[in-house]
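Use these hints to put chain B onto chain A, whose structure you have.
Residue numbers (numbering that gives the first Met the number 0), protein chains in the order written: chain A, 0 to 347; chain B, 0 to 320.
Hints are supplied without guarantee of correctness; some may be wrong.
[To be verified] Short, incomplete list of chain B residues facing chain A, as computed with Cβ under 10 Å:
| hint | residue |
| --- | --- |
| 1 | I26 |
| 2 | D29 |
| 3 | R51 |
| 4 | P56 |
| 5 | S58 |
| 6 | A61 |
| 7 | V63 |
| 8 | A70 |
| 9 | D91 |
| 10 | R101 |
| 11 | H136 |
| 12 | P138 |
| 13 | K141 |
| 14 | I195 |
| 15 | A240 |
[Stated by the list, open to error] From chain B, some residues computed to sit far from chain A (all C-beta separations above 12 Å):
| hint | residue |
| --- | --- |
| 16 | G119 |
| 17 | E180 |
| 18 | D290 |
Simulated from the structure, these hints should not be mistaken for lab results. Glycine included, every Cβ here is placed at the ideal spot set by N, Cα and C.
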Amino acid sequence: MAIARVAEPTGSLQDVKEQGLDREDLLQIYRNMLITRGVEERGHILYRQGKIPGSFYTGRGNEAASVGVATAMGTDDVGTPLHRDMGVHITRGVEPWRIFAQYMGREEGPARGRDGNVHMADLRLGLMAMVSHLPAMMPVAVGAALAFRIREEKRVAITWSGEGAMARGDAHEAMNFAGVRRLPVVFICDNNQWAYSTPSHLEYAVEHLADRAAAYGFDGVVVDGTDVLAVYREAKRAIEKAREGGGPTLIECQTLRMEGHAVHDDAFYVPKELFERWAERDPVERFRTWLRDNVELSDEEEEHAGSYVKKLLNDALERAEQSPQPDPETLHEGVYATPEDLDTPHHK
Amino acid sequence: MAEKTYLQAISDGLREEMRRDKRVFVIGEDVGVYGGAFKVTLGFQEEFGAWRVIDAPLSETAIVGGATGAALMGLRPVAEMQFADFVSCAWDHLVTIAAKQRWRAGTPVPMVLRLPSGGGFSGGPFHSQNPESSFAHIPGLKCVCPATPEDAKGLIVSAIEDPNPVLFFEHKHLYRRIKGEVPDERYATPIGKARIHQEGEDVTVVTWGAMVYTADEAAKEVDASVEILDLRTIMPWDRQAVLDSVRKTSKVLVLHEDTRTGGFGAEIAATIAEEAFEDLDAPVRRLAAPDTPVPFSPVLEKAFIPQVDDVARALKELIQY
Numbered sequence: 000m001a002i003a004r005v006a007e008p009t010g011s012l013q014d015v016k017e018q019g020l021d022r023e024d025l026l027q028i029y030r031n032m033l034i035t036r037g038v039e040e041r042g043h044i045l046y047r048q049g050k051i052p053g054s055f056y057t058g059r060g061n062e063a064a065s066v067g068v069a070t071a072m073g074t075d076d077v078g079t080p081l082h083r084d085m086g087v088h089i090t091r092g093v094e095p096w097r098i099f100a101q102y103m104g105r106e107e108g109p110a111r112g113r114d115g116n117v118h119m120a121d122l123r124l125g126l127m128a129m130v131s132h133l134p135a136m137m138p139v140a141v142g143a144a145l146a147f148r149i150r151e152e153k154r155v156a157i158t159w160s161g162e163g164a165m166a167r168g169d170a171h172e173a174m175n176f177a178g179v180r181r182l183p184v185v186f187i188c189d190n191n192q193w194a195y196s197t198p199s200h201l202e203y204a205v206e207h208l209a210d211r212a213a214a215y216g217f218d219g220v221v222v223d224g225t226d227v228l229a230v231y232r233e234a235k236r237a238i239e240k241a242r243e244g245g246g247p248t249l250i251e252c253q254t255l256r257m258e259g260h261a262v263h264d265d266a267f268y269v270p271k272e273l274f275e276r277w278a279e280r281d282p283v284e285r286f287r288t289w290l291r292d293n294v295e296l297s298d299e300e301e302e303h304a305g306s307y308v309k310k311l312l313n314d315a316l317e318r319a320e321q322s323p324q325p326d327p328e329t330l331h332e333g334v335y336a337t338p339e340d341l342d343t344p345h346h347k
Numbered sequence: 000m001a002e003k004t005y006l007q008a009i010s011d012g013l014r015e016e017m018r019r020d021k022r023v024f025v026i027g028e029d030v031g032v033y034g035g036a037f038k039v040t041l042g043f044q045e046e047f048g049a050w051r052v053i054d055a056p057l058s059e060t061a062i063v064g065g066a067t068g069a070a071l072m073g074l075r076p077v078a079e080m081q082f083a084d085f086v087s088c089a090w091d092h093l094v095t096i097a098a099k100q101r102w103r104a105g106t107p108v109p110m111v112l113r114l115p116s117g118g119g120f121s122g123g124p125f126h127s128q129n130p131e132s133s134f135a136h137i138p139g140l141k142c143v144c145p146a147t148p149e150d151a152k153g154l155i156v157s158a159i160e161d162p163n164p165v166l167f168f169e170h171k172h173l174y175r176r177i178k179g180e181v182p183d184e185r186y187a188t189p190i191g192k193a194r195i196h197q198e199g200e201d202v203t204v205v206t207w208g209a210m211v212y213t214a215d216e217a218a219k220e221v222d223a224s225v226e227i228l229d230l231r232t233i234m235p236w237d238r239q240a241v242l243d244s245v246r247k248t249s250k251v252l253v254l255h256e257d258t259r260t261g262g263f264g265a266e267i268a269a270t271i272a273e274e275a276f277e278d279l280d281a282p283v284r285r286l287a288a289p290d291t292p293v294p295f296s297p298v299l300e301k302a303f304i305p306q307v308d309d310v311a312r313a314l315k316e317l318i319q320y
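Chain A extracted, bound-state conformation (with noise of 0.2 Å):
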C-alpha cells in the first residue's frame, strides 16, 4: 500500500514559470545536466588511460535529479552529496578543474589528493564532503540543520540517499530526530534500484521508501528521477516548506543506474531490457527534448551549449594536468585543526 505522494510529471510551460524558472534558468539547468555527464565522461576516459588511481563512480542517469535538487536549493542552504550526485557540485559552482584534479590525486583537488573520487566539497559552496560509510552523512545534515534551528537562520539542509544505504540504521536515527524536532532538513533518496549488485527487492519491503516518511512524521514524495523539473518541483517546494518551519521531507527520486556501481563491473546481473527502457528515458536527452518542445531551443542554441561545454572541459583537463602532484612532505600536515582554522565565515 502507498502511502507517499506521487508526483505529477513536469507540466506546461506556464506552470514551471510559476514555480520561478525563466528560459534562461531552464538553459542554464540544462548546461549543468550537459557538463555533469560531461565530467563523467572526461573521467571515464581519464580512468581508461591510467590517470586515475584507485576505482571510479559515476552517475549516469543521475544528471536530472541531482540538478534538479541543486536548482532549488538557496544560496545559504547546504548539502551533502553522494557519489551519484556530481550535478550538485556542478550546479552549486565547483569548477570542472577542481573534479579532474580530485579525480587524479592532485594537489589542487578539493581533497588535495588525501581523498579520491567524489569524496569532495567545498564548504564554501555549502556542501559537506561524503564518507564511504552511507548514509552517514544523513545525521551530520540533520545536525546543520538543528545550528540553522538554534541560531534561528532560514536555511536548509539537503541530505542524500541510496536506496541501499536507507536499509542502514543511520538513515532511521536521522529520519526520526529531524521528524521529532521538525528541523530544516529535505532528505533525497536517490532509488537507482541498484545498490552494487543487490536488488531492490533485496533492500526493502515497502512500496515506496518514501512511504516510510509516514512513519517519521512527515510527507514522503516520488517523483520521477529522470524528469529534472519535476525533481526541482518537488525539491524547491519542500525546501520552501522546510524553510517556514514545516519540517522535513523525503523525496524519493526513482531512477536506473545507468552503469556498474564502479568502472570495474559490468552490471551483468542487471537485465538487459531494464537498461534498454530507461535508456529511453535518459534524462539528458529528455529535458532536450522538452526544451525543444516547450521553449523553442534552436538548432544554433544547442550547438553553442555543446561546443562551451566541451571548451570548459578541454580547458578544465588541461589545467588539472599541470596541477601538481601533492607533497609526501605535507601528509602529517592539518590532522588536528589550529584556532586559524576556525578564522571561516562558518565559525564567526
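Below, chain B without anything else, positioned relative to chain A:
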C-alpha cells in the same frame, strides 16, 4: 577558591562556557529536564532553554552525527553519551567523519563528547568500560581524562575551546567521591600537559583518571619515594614529562584501569623503551585490568580493576629489582 566535587567542577566549567559563548550547546539523552543520568547538566535547561540543552531521542548515531554537522556549521556542541560504553553506537560519526574531516576536507569539527567512563560500582560489561585507547589510536581525535576537580573544570574549558573533536572521559567513580579546591575564575588547563601528583625520587607511576588515587594510596604503603605522574590527557600525551620523570627515578610503573593488551600503557612503555632505555634500572612494568570484559559481581570486579594492594606489590617488586 571553593571545595567542589569532581562532578560539580565539570558542571560549573560547562555552565560558565555556555554563559560566555552562545555557540555552546548541550545534546544528549536525558540531559535536559532530568539533568543527565549523573546530573552534570542539572538546571541547565531552565537557564539556557530547550534548544541549547537538547533532550535527544535514544540515538547515539544522531547525537554524534548531529553534533558533527552542527560543529561544521559553526556551533560548539557538547554531546553526552549517557555512558562511555555507548559510544560504540556512534563510532562512525566520531571516527569516520569527525576525526578525519580537518585532514581530508580542510574543515575543522570543534566538538566535545562527554563520556562517563570507568568501573568500581558493579556497572557490569556495558556501564564500566574505559575505551580511551581505542580513540587515542584514531588520528584527529583528542582524549582527555581528568583526575581532579580542578583539572575537570580546566579541561572541559580547554576541550570546548579546542578546534578539534575532543573526547572528555569523566570517571564516574570520581564524580562524588573526590573533592578538591577549584578556582572560581575561568581558566583553561592545557591539553597535552601532565601534572605531577606527587614528587618522588625512587620510582615513577605513570597513570590517569581514577588510578591516580589508587596509586596515591599504594605509594603510602611502600617504603620508598614514589613519583606519581597524572597524564591528564592521553592524546596528545606529555611524552616529555614521562621521560623526564623516568630519567630521574630510573624505574617506572605504567598503570591504567583499561585492559592490558593494546591499552594506552603499551604506547607509553614502548616510548620509554625507545627513548629512555639507557636511563632504566629495571624493565618497564605495566599494571592494567586483565584482558576480559568488565565483570558485574563485586568480587569479580575487584579482581578486574587494579587495586591498591596490586599497585603496592608492583611498586615493591620494582624497588627491589
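Going down the list of hints, with the structure as the test:
1. I26: Interface hint status for B/I26: holds (8 Å vs cutoff 10 Å).
2. D29: Violated. Min distance 15 Å.
3. R51: 7 Å, holds
4. P56: 6 Å, holds
5. S58: 4 Å, holds
6. A61: 4 Å, holds
7. V63: 8 Å, holds
8. A70: This interface hint holds because 8 Å falls under the 10 Å limit.
9. D91: Holds, because the Cβ-Cβ distance from B/D91 to chain A comes to roughly 5 Å (cut-off 10 Å).
10. R101: 4 Å, holds
11. H136: Nearest chain A Cβ about 13 Å off; hint violated.
12. P138: Holds - the Cβ of B/P138 comes within 10 Å of chain A, reaching about 5 Å at its closest.
13. K141: Holds, because the Cβ-Cβ distance from B/K141 to chain A comes to roughly 7 Å (cut-off 10 Å).
14. I195: 26 Å, violated
15. A240: Hint violated; B/A240 Cβ to chain A Cβ min 20 Å, cut 10 Å.
16. G119: 31 Å, holds
17. E180: 29 Å, holds
18. D290: Non-interface label stands for B/D290: nearest chain A Cβ at 29 Å, farther than 12 Å.
The earlier numbered hints that this structure contradicts are 2, 11, 14, 15.
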